[in-house]
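2 protein chains.
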Amino acid sequence: MAICYQAPVKPICVRPTTTFSSTPKPQSLRCNLSVPIRTLVSEPEPVLTSVKAFAPATVANLGPGFDFLGCAVDGLGDFVSLSVDPNVHPGQISIAHITGDASGKLSKNPNWNCAGIAAIEVMKMLGIRSVGLSLSLHKGLPLGSGLGSSAASAAAAAVAVNEIFGGRLRPEELVLAGLKSEERVSGYHADNVAPAIMGGFILIRNYEPLELMRLNFPAEKDLFFVLVSPDFEAPTKKMRAALPREIGMAHHVWNCSQAGALVASVLQGDLVGLGKALSSDKIVEPRRAPLIPGMEAVKKAAIEAGAFGCTISGAGPTAVAVVGSEEKGEWVGEKMVEAFWKEGNLKAVKAVKKLDRVGARLVS
Amino acid sequence: MAICYQAPVKPICVRPTTTFSSTPKPQSLRCNLSVPIRTLVSEPEPVLTSVKAFAPATVANLGPGFDFLGCAVDGLGDFVSLSVDPNVHPGQISIAHITGDASGKLSKNPNWNCAGIAAIEVMKMLGIRSVGLSLSLHKGLPLGSGLGSSAASAAAAAVAVNEIFGGRLRPEELVLAGLKSEERVSGYHADNVAPAIMGGFILIRNYEPLELMRLNFPAEKDLFFVLVSPDFEAPTKKMRAALPREIGMAHHVWNCSQAGALVASVLQGDLVGLGKALSSDKIVEPRRAPLIPGMEAVKKAAIEAGAFGCTISGAGPTAVAVVGSEEKGEWVGEKMVEAFWKEGNLKAVKAVKKLDRVGARLVS
Numbered sequence: 224m225a226i227c228y229q230a231p232v233k234p235i236c237v238r239p240t241t242t243f244s245s246t247p248k249p250q251s252l253r254c255n256l257s258v259p260i261r262t263l264v265s266e267p268e269p270v271l272t273s274v275k276a277f278a279p280a281t282v283a284n285l286g287p288g289f290d291f292l293g294c295a296v297d298g299l300g301d302f303v304s305l306s307v308d309p310n311v312h313p314g315q316i317s318i319a320h321i322t323g324d325a326s327g328k329l330s331k332n333p334n335w336n337c338a339g340i341a342a343i344e345v346m347k348m349l350g351i352r353s354v355g356l357s358l359s360l361h362k363g364l365p366l367g368s369g370l371g372s373s374a375a376s377a378a379a380a381a382v383a384v385n386e387i388f389g390g391r392l393r394p395e396e397l398v399l400a401g402l403k404s405e406e407r408v409s410g411y412h413a414d415n416v417a418p419a420i421m422g423g424f425i426l427i428r429n430y431e432p433l434e435l436m437r438l439n440f441p442a443e444k445d446l447f448f449v450l451v452s453p454d455f456e457a458p459t460k461k462m463r464a465a466l467p468r469e470i471g472m473a474h475h476v477w478n479c480s481q482a483g484a485l486v487a488s489v490l491q492g493d494l495v496g497l498g499k500a501l502s503s504d505k506i507v508e509p510r511r512a513p514l515i516p517g518m519e520a521v522k523k524a525a526i527e528a529g530a531f532g533c534t535i536s537g538a539g540p541t542a543v544a545v546v547g548s549e550e551k552g553e554w555v556g557e558k559m560v561e562a563f564w565k566e567g568n569l570k571a572v573k574a575v576k577k578l579d580r581v582g583a584r585l586v587s
Numbered sequence: 224m225a226i227c228y229q230a231p232v233k234p235i236c237v238r239p240t241t242t243f244s245s246t247p248k249p250q251s252l253r254c255n256l257s258v259p260i261r262t263l264v265s266e267p268e269p270v271l272t273s274v275k276a277f278a279p280a281t282v283a284n285l286g287p288g289f290d291f292l293g294c295a296v297d298g299l300g301d302f303v304s305l306s307v308d309p310n311v312h313p314g315q316i317s318i319a320h321i322t323g324d325a326s327g328k329l330s331k332n333p334n335w336n337c338a339g340i341a342a343i344e345v346m347k348m349l350g351i352r353s354v355g356l357s358l359s360l361h362k363g364l365p366l367g368s369g370l371g372s373s374a375a376s377a378a379a380a381a382v383a384v385n386e387i388f389g390g391r392l393r394p395e396e397l398v399l400a401g402l403k404s405e406e407r408v409s410g411y412h413a414d415n416v417a418p419a420i421m422g423g424f425i426l427i428r429n430y431e432p433l434e435l436m437r438l439n440f441p442a443e444k445d446l447f448f449v450l451v452s453p454d455f456e457a458p459t460k461k462m463r464a465a466l467p468r469e470i471g472m473a474h475h476v477w478n479c480s481q482a483g484a485l486v487a488s489v490l491q492g493d494l495v496g497l498g499k500a501l502s503s504d505k506i507v508e509p510r511r512a513p514l515i516p517g518m519e520a521v522k523k524a525a526i527e528a529g530a531f532g533c534t535i536s537g538a539g540p541t542a543v544a545v546v547g548s549e550e551k552g553e554w555v556g557e558k559m560v561e562a563f564w565k566e567g568n569l570k571a572v573k574a575v576k577k578l579d580r581v582g583a584r585l586v587s
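Residue numbers (my numbering), protein chains in the order written: chain A, 224 to 587; chain B, 224 to 587.
Keep in mind that the hints were calculated from the coordinates and are not lab data.
Hints may contain errors.
Heads up, the list lumps identical chains together, so a pair's fine if it works in one copy or across two of them.
[Stated by the list, open to error] Listed below are the simulated DMTMM-like cross-link pairs for lysine to aspartate or glutamate, each with C-alpha atoms no more than 20 Å apart in a straight line:
| hint | residue 1 | residue 2 |
| --- | --- | --- |
| 1 | Lys505 | Asp454 |
| 2 | Lys523 | Glu561 |
| 3 | Lys551 | Glu456 |
| 4 | Lys523 | Asp297 |
| 5 | Lys461 | Glu561 |
| 6 | Lys347 | Glu549 |
| 7 | Lys505 | Glu469 |
| 8 | Lys577 | Glu456 |
| 9 | Lys461 | Glu395 |
| 10 | Lys331 | Glu469 |
| 11 | Lys576 | Glu443 |
| 12 | Lys505 | Glu434 |
| 13 | Lys275 | Glu566 |
| 14 | Lys505 | Glu431 |
| 15 | Lys328 | Glu553 |
| 16 | Lys523 | Asp445 |
| 17 | Lys570 | Glu268 |
| 18 | Lys347 | Glu266 |
| 19 | Lys328 | Glu527 |
Computed from a predicted structure; not experimentally measured.
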């Protein structure tokens, strides 16, 4: 049966896939929101009875890339296990278990859980009405760390639901489902959830309609992130309140040019240029760094120890530095942990991880 | 004889060339300005008795690339003829002739002429004390058109002087000489003079020290500019006064993301993306376009006629659109000329030109 669905989030421009029949070009018809209307030929059936998906941590903001550029980091992230469950009401989802980091703080009500919200959105997009799903979430990422914890849960859930029904939706469409989740938790920003789903570096070019640009870091080059998370709470709301409302023209031009240089450095695999751009933000970091004890000293220590650049990851409190090798990363990380302790009186943990080029994927 | 010279403009970081002996790294010694001090081993002798140089027109600002991104346009520009002249006092330069567009408006005093100022700077950099030079300038570019007229004169002169003495200075050093000229005429901005000297797209990453990034548009792809200049004066000073002093965070993030998208599109040879980014400025163009009669209609006409994007070139009044072929460019140009006439009551002339990938060069 044909089902007309409206994307439940802000308008996007999506290309039709072979499983959908679509109008020749995005419609400008309005049904509450201006969205392209696509007709699902039939409700898909599950192709698997259970799946397990992983979605990586992400570093958003990236210095002058504030609010529009993010990248994925391999080896850290959240897991979602999903199974077809005849005990769950058809068309609905139930959260069975939440384990891992800070799991006690998360709701099992799918409408109030990042993974649940994203899963429901994907089910809506696919028009799932005949099958109930049971979801288990394993948190590998701490909450409020600046590593895209909520986005990782949403991304893993979105991919899991899509794959259990045969993978009909494209990554960009899954980003929309993830955005619905992010909107509830931390604001309508795709700079975590887009790279969590798609991997690599993603530039958010537009929201209305959603337009994403993948920036390919050259395959033959290595890029490592040193992630140092202090034992400190930096609520996104407070960190956002610290931002200036108005920006002088000189700083605007400076940050724009550094954003351009950052993009060029990513595409050219220029680690020196990338690090320099990462460190160059004159607008956001200067306001936020003083709110994280020791952050300025940590940045200095990272660069003195040989990092190409360093800034705050997301809204903090994690500090992120970029290096070209794991060994260098370990050394830089030690110095950053030391600086958090000496200058901020904060204990911190480090991780040295590669750029994740794949994004959310099935792991079993 | 060893001559110690100080770069006469704002501090730059320059790498030593083989003709100079230099300290291991740029000095932080200050002699009025913080500049690297380099020692010229010997005053170079002329290797040619006369040269003729050409420097191309340039499009600066480029929508969200305001004040840090510019590119060169082939087939339009200024010419400088230079010869060793025993009648000119050694170490000095004389302007013999100025011909071409609006030549009557330009001073023959080299200290008040863009070409003269740049030529003098290059002579200082090279430590020329024993040879006098005679310069003739042919203006191919109209003044105040938004096509980098002053930068083209400066670039051609800088290259001519450098080449007559064997080409010892690198392009980045010649940009510094050009900047000295630009500073006098239109402000300390390198987004015209850098591409005029170096060709292609140049991102100005920093001024202190000067750091330039070349953004290579793929060699196998074509990029054409449609340049439509109306019979209208848009003084740079007035156009700069129209700029907002403060920019809201949302517009800042938008323009930054578009700047990133513009850089990515250039590097990837993505004409659609490039045009879209060019058209996307929410900060500068909305303030300046209303000051140029018909500009908004001209942009609309260009895009309706099939241009990938359109904006104001430099500080105007020229409108620049990008297209993928000369034929398309002619058609788009006609529509833009029509729109200037219909909506702005202005006569306008069009030119369809390729991206210049070389920059200022000797032509005889």
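Against the structure, the hints:
{"no.": "1", "hint": "Lys505 with Asp454", "verdict": "neither (26 Å within a copy, 40 Å between copies)"}
{"no.": "2", "hint": "Lys523 with Glu561", "verdict": "within (12 Å within a copy, 57 Å between copies)"}
{"no.": "3", "hint": "Lys551 with Glu456", "verdict": "neither (28 Å within a copy, 57 Å between copies)"}
{"no.": "4", "hint": "Lys523 with Asp297", "verdict": "neither (25 Å within a copy, 45 Å between copies)"}
{"no.": "5", "hint": "Lys461 with Glu561", "verdict": "neither (26 Å within a copy, 53 Å between copies)"}
{"no.": "6", "hint": "Lys347 with Glu549", "verdict": "neither (42 Å within a copy, 48 Å between copies)"}
{"no.": "7", "hint": "Lys505 with Glu469", "verdict": "both (13 Å within a copy, 15 Å between copies)"}
{"no.": "8", "hint": "Lys577 with Glu456", "verdict": "neither (25 Å within a copy, 54 Å between copies)"}
{"no.": "9", "hint": "Lys461 with Glu395", "verdict": "neither (30 Å within a copy, 44 Å between copies)"}
{"no.": "10", "hint": "Lys331 with Glu469", "verdict": "neither (40 Å within a copy, 45 Å between copies)"}
{"no.": "11", "hint": "Lys576 with Glu443", "verdict": "within (17 Å within a copy, 37 Å between copies)"}
{"no.": "12", "hint": "Lys505 with Glu434", "verdict": "between (26 Å within a copy, 17 Å between copies)"}
{"no.": "13", "hint": "Lys275 with Glu566", "verdict": "neither (42 Å within a copy, 61 Å between copies)"}
{"no.": "14", "hint": "Lys505 with Glu431", "verdict": "between (28 Å within a copy, 15 Å between copies)"}
{"no.": "15", "hint": "Lys328 with Glu553", "verdict": "neither (31 Å within a copy, 64 Å between copies)"}
{"no.": "16", "hint": "Lys523 with Asp445", "verdict": "neither (23 Å within a copy, 44 Å between copies)"}
{"no.": "17", "hint": "Lys570 with Glu268", "verdict": "neither (49 Å within a copy, 64 Å between copies)"}
{"no.": "18", "hint": "Lys347 with Glu266", "verdict": "within (10 Å within a copy, 77 Å between copies)"}
{"no.": "19", "hint": "Lys328 with Glu527", "verdict": "neither (38 Å within a copy, 54 Å between copies)"}
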